[in-house]
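From first to last, the protein sequence lines stand for chains A and B. Just so you know, we're using the working numbering here: the first sequence kicks off at 1 and counts up by one. Just so you know, we're using the working numbering here: the second sequence kicks off at 1001 and counts up by one.
These aren't lab readings, by the way, just hints derived from the structure by calculation. Where a beta carbon is used, it is the ideal one built from N, C-alpha and C, also for glycine. Treat the hints with care, as some may be off.
[Unchecked claim] Listed next, the stretches of chain A that the computed footprint assigns to chain B, with coverage defined by at least 3 CB atoms under 8 Å from CB atoms of chain B:
1. 183 to 190
2. 315 to 321
[As the list claims (entries may be wrong)] Here are the simulated lysine-lysine pairs, DSS-like style, with alpha carbons at most 30 Å apart:
3. B/LYS1200 / A/LYS202
4. B/LYS1208 / A/LYS334
5. B/LYS1208 / A/LYS202
6. B/LYS1112 / A/LYS237
7. A/LYS22 / B/LYS1208
8. B/LYS1056 / A/LYS187
9. B/LYS1056 / A/LYS154
10. B/LYS1112 / A/LYS177
11. A/LYS228 / A/LYS326
12. B/LYS1058 / A/LYS138
13. B/LYS1200 / A/LYS326
14. A/LYS259 / B/LYS1196
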Amino acid sequence: MSEFFLELFTEEMPPSLQNNAKIEFLEILKNFLDEKKISYNKLYYSISTPNRLIFYFKDIVEEFEKKTEEIRGPRVDANKESLEGFLKSKNISKKKIFIKKTPKGEFYFYKIPSIKVSTKKILQENMPFLLQRIKWKKSMKWGNYELSWGRPLKSILCLFNGTSLNFVFYHLKSSNKTFINKDDEIKTRTFKNFVSYKNYFKQAGVIVDDRERKLSIKKNLEKISKAKNFNLNINLKLLDEITNIVEKPKVILCSFDKKFLEIPREVIQLTIENHQKFFPISDKKNNLLNYFFSVIDKEDKFGLIKKGNESVVDARLTDAEYFWKKNKSQSMLKYVSKLENVNYFNGLGNYLDKTKRLKNLCSVISDELLISKEKLELASTIAKVDLLFDLVNEFPELQGVLGGYFAESQGFEKEVCLAVSEHYLPSGLNSRTPKNNYSIALSLSDKLDALVGFFGLDLVPTSSKDPYALRRMAIGLIKLIIENKKSFKLKEMIDYSCQLYNNQSINFDRKSVHTNLSIFIIDRLKNYMKEKGIRLDIIESSLIDFDLNNIFVIFTKADRLNKIIKKQVGIDLIENYKRAFNILNSETQLQNEDYKGSADPALFKSNFEKDLFKKIHDIRKNFTSINLENDYDSQLSLLASLKKEVENFFDNVIVNDNDVVIKKNRLELLKMLCNTFDKYFNFEKIEFLNEKAGI
Amino acid sequence: MVSKKTKKLITFQETIFNLQNYWSNHGCLILQPYDVEVGAGTFHPATTLRSLGPEKWKAAYVQPSRRPSDGRYGENPNRLQHYYQFQVLIKPSPENIKKLFLDSLSSIGIDKNVHDIRFIEDDWESPTLGAAGLGWEVWCDGMEITQFTYFQQMAGVQCSPVSVELTYGLERICMFVQEKSNVFDILWNKDGTLYKDIYKENEKQFSKYNFELANIDYLFNTFESLEKEAKNLLLNKLPLPAYDHSLKASHVFNILDSRGAISTAQRAGYISRIRDLVKEVGLKWLEEKK
Chain A
1 MSEFFLELFT EEMPPSLQNN AKIEFLEILK NFLDEKKISY NKLYYSISTP NRLIFYFKDI
61 VEEFEKKTEE IRGPRVDANK ESLEGFLKSK NISKKKIFIK KTPKGEFYFY KIPSIKVSTK
121 KILQENMPFL LQRIKWKKSM KWGNYELSWG RPLKSILCLF NGTSLNFVFY HLKSSNKTFI
181 NKDDEIKTRT FKNFVSYKNY FKQAGVIVDD RERKLSIKKN LEKISKAKNF NLNINLKLLD
241 EITNIVEKPK VILCSFDKKF LEIPREVIQL TIENHQKFFP ISDKKNNLLN YFFSVIDKED
301 KFGLIKKGNE SVVDARLTDA EYFWKKNKSQ SMLKYVSKLE NVNYFNGLGN YLDKTKRLKN
361 LCSVISDELL ISKEKLELAS TIAKVDLLFD LVNEFPELQG VLGGYFAESQ GFEKEVCLAV
421 SEHYLPSGLN SRTPKNNYSI ALSLSDKLDA LVGFFGLDLV PTSSKDPYAL RRMAIGLIKL
481 IIENKKSFKL KEMIDYSCQL YNNQSINFDR KSVHTNLSIF IIDRLKNYMK EKGIRLDIIE
541 SSLIDFDLNN IFVIFTKADR LNKIIKKQVG IDLIENYKRA FNILNSETQL QNEDYKGSAD
601 PALFKSNFEK DLFKKIHDIR KNFTSINLEN DYDSQLSLLA SLKKEVENFF DNVIVNDNDV
661 VIKKNRLELL KMLCNTFDKY FNFEKIEFLN EKAGI
Chain B
1001 MVSKKTKKLI TFQETIFNLQ NYWSNHGCLI LQPYDVEVGA GTFHPATTLR SLGPEKWKAA
1061 YVQPSRRPSD GRYGENPNRL QHYYQFQVLI KPSPENIKKL FLDSLSSIGI DKNVHDIRFI
1121 EDDWESPTLG AAGLGWEVWC DGMEITQFTY FQQMAGVQCS PVSVELTYGL ERICMFVQEK
1181 SNVFDILWNK DGTLYKDIYK ENEKQFSKYN FELANIDYLF NTFESLEKEA KNLLLNKLPL
1241 PAYDHSLKAS HVFNILDSRG AISTAQRAGY ISRIRDLVKE VGLKWLEEKK
């Protein structure tokens, strides 16, 4: 039993490439061993540092058996040449072959004997091909070499059972040596096994296992936070990234001048996290503090690194502060007209044009939401002004948010500031959805204007490309509606939006905007419902009678049905419908007759028919009563409550009566039942999954 | 900042001398700045054009660089519309380039044993040059001091062999080594001349020009004329003068941009016009050399 250990030493490999290669090549190795039926211990893994990709397998068999195999040769009655050819190709004498009958006739066969193969040998032969299979998301060449790799590959250490596994990969030869210092690539060291390798680097302060490295960083962050009473909210994505750009992590606590805390918190956080890859810190009340953690890759003997880290943050915050102070004193209202100089999109006018459209859309929505038209119009007027300000230029990801801060510092009302701040939200499936009516209105207008505009220009996303992020825009729209339980007259708003473009001499084919946008929104709604765990057949059914103005109702009906479909009430409900529908469906096809759902009580022969008829009537009455209008749970219970009458009907009444008139009347009764269900939605496509119940 | 023993400050001009000496000792030609306004050291023909083709090439030089929209009237401690880069270009990229680079830092006062030097992924792309490369920003204690790039493409042509480009940000390095929080306080020489004594007024005047006074019509016309001239030179198989005119057009575009005269929609169009010129220059240059 042997260990296999491979180290690929490169110049600093970016975290994402490290991770991909680590996962992908481990899989390639595993598949290769499996394919060759070479057994190994299931505890195999890959780890990395910025410069070292390490793959490890243990308890690999040193030899494995290549099993016997029967090979069919020519037919017994074939000519002599073909037999000779076969013997020659296998390099065997005639003694080794035998005759065997098959359904296709008699053939010569040869049995290749089982042989022992050395695992090391087969690995040696195959390593170059296996390495070649890594698919880099980005790769590069360097020097004069032909090899294309994530970053320059400098050395390959490969051990099998204590000795080097030798192979040639482009200009490189594998060996049992590696560079011990990532920065000088001169001194090398020979290793015999993985344990000695790990221990050697441990003594040198390098943690080669990224999992251990991450844990060590996390522990140190937690330790200091506890001692200082900080509220530690580790950004896990950042932690992963940091783990993969250091090899000997140390955590240090740094600070910056308190005066910078007057800058919007998001600016400080972004500076510290995204730009500098440090961890911002807040107190227990979640107030941002003038401290941050830095994970450094070296012992900070003289405190120079801390000092350097602090001065970089200081410089960046000084920059931000300069713009913050400058911008917040620039009157947003005075700047609105300058939006004329900022192009929104070729063919959709500039940002002043967009602002005017938003204002009009907002005014319609304010009527629907019964909120102050003046306030909302004000919010829409200044919403895009921050695009003119330097600070947004510096931090484009904070557009809107910074607008909110500027508005606040200029004394606009709270709801106006909030609406400006939140109007790009939600920016995706997992993004927060604004709850305030002013924010909802502004965000909805912004998204609708964009969707109508881009669809008007026929810049519709394709399956792979969505350069204007219209999918996110539509998802945002859907979330705004559903998560705020609102119903908007979207159809009319789309028309109005087209009209607003038209007023600016931007003309769209309204009909195609309507059609294409509807289809697009249905698709996004489908996705949204899938994400919420709603069954596919329920989603499909809920969308049969899609209406843009009813997105919230459509979603809610699907969602409520999905919640009960596996419970008794759901099973009853579907069973009721399916029993009626299946008979009706087969009869409709046979008779080629259309039923309207108007049964004549005078033709009923039994009480079971009368009871069912009466029950359906009761349900219909209740369904339209004001109490149940938006109470979908009760509507579903109501439909399920038909169970007794439906069962009695089918147990005691034969639909297929000899008297054609009576038969037709019974089918009309069943149609009436189905029509009643249609008041919720079309149940035709709902699958009946309860085997026990059967139909 | 370095350590107690070497307390003496390395001035701005010494930083340049030291880098020149270091790279000269490692076989680089020491060239002078290109005499046309450029946005970065990469635009010097010693980088763009020389990175093309199979010949070996090793060069280093200082390049004054202009980025009109980065001007702040001399009021911002970290931003300038005119600054200096020290540029090294070696083709093919040597095996030990990383060590060579790290050692060069000690010549300008940055001891890698006491500072946290980090290589942070930064894949570089210059749309105007039709160029792309893979590499890093080199951070010293969290501050970016150098761009380290393996060119993969230049002027739209695949690089073979691959060149390595090192671009040192001289002001940043000096601010760091001299422990200054304001770029204008950098010590230029030992006699106490400061960066601001030389450049503060330039920043004021050029910011005023770039942002407020540049004549938009004149510059748009100039752009057209420069492009026309470059095209004509290309027709006449003179890629070098054509390149000069492309660079000038690029600078005119940058001024128009800082003046706010170029909309987002127009930007892509202008950039691709310059890229087309540079691409053609690259091809002609390769042809003419044959």
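Quick rundown of the hints versus the structure:
Here the segment 183 to 190 of chain A counts 4 residues with a CB under 8 Å from a CB of chain B, which clears the bar of 3, and the coverage holds. Residue count for the segment 315 to 321 of chain A with a Cβ under 8 Å from a Cβ of chain B: 3. That meets the three needed, and the coverage hint holds. Restraint check for B/LYS1200 and A/LYS202: not satisfied, since their Cα atoms lie roughly 51 Å apart, outside the 30 Å limit. Annotation: proposed proximity of B/LYS1208 to A/LYS334 holds, straight-line Cα distance about 22 Å (limit 30 Å).
The suggested pairing of B/LYS1208 with A/LYS202 is violated, with an alpha-carbon distance near 57 Å, which exceeds 30 Å. Between B/LYS1112 and A/LYS237 the alpha-carbon distance is near 28 Å, which keeps this suggested pair within the 30 Å criterion. For the proposed pair A/LYS22 and B/LYS1208, the alpha carbon gap of about 53 Å is over 30 Å, so the pair is violated. With a CA separation close to 28 Å, the supplied pair B/LYS1056 and A/LYS187 stays within the 30 Å bound.
About 22 Å separates the Cα atoms of B/LYS1056 and A/LYS154, which keeps this hinted pair within 30 Å; it holds. For the given pair, B/LYS1112 sits about 25 Å from A/LYS177 by alpha-carbon distance, which is consistent with the 30 Å threshold. The suggested pairing of A/LYS228 with A/LYS326 is violated, with an alpha-carbon distance near 35 Å, which exceeds 30 Å. Between B/LYS1058 and A/LYS138, the direct Cα distance comes to roughly 27 Å. Compliance with the 30 Å bound is thereby established for this hinted pair.
Simply put, B/LYS1200 and A/LYS326 have alpha-carbon atoms about 21 Å apart, close enough for the 30 Å limit, and the pair holds. Restraint check: the Cα-Cα separation between A/LYS259 and B/LYS1196 comes to about 27 Å, which is no more than 30 Å; the hinted pair holds.
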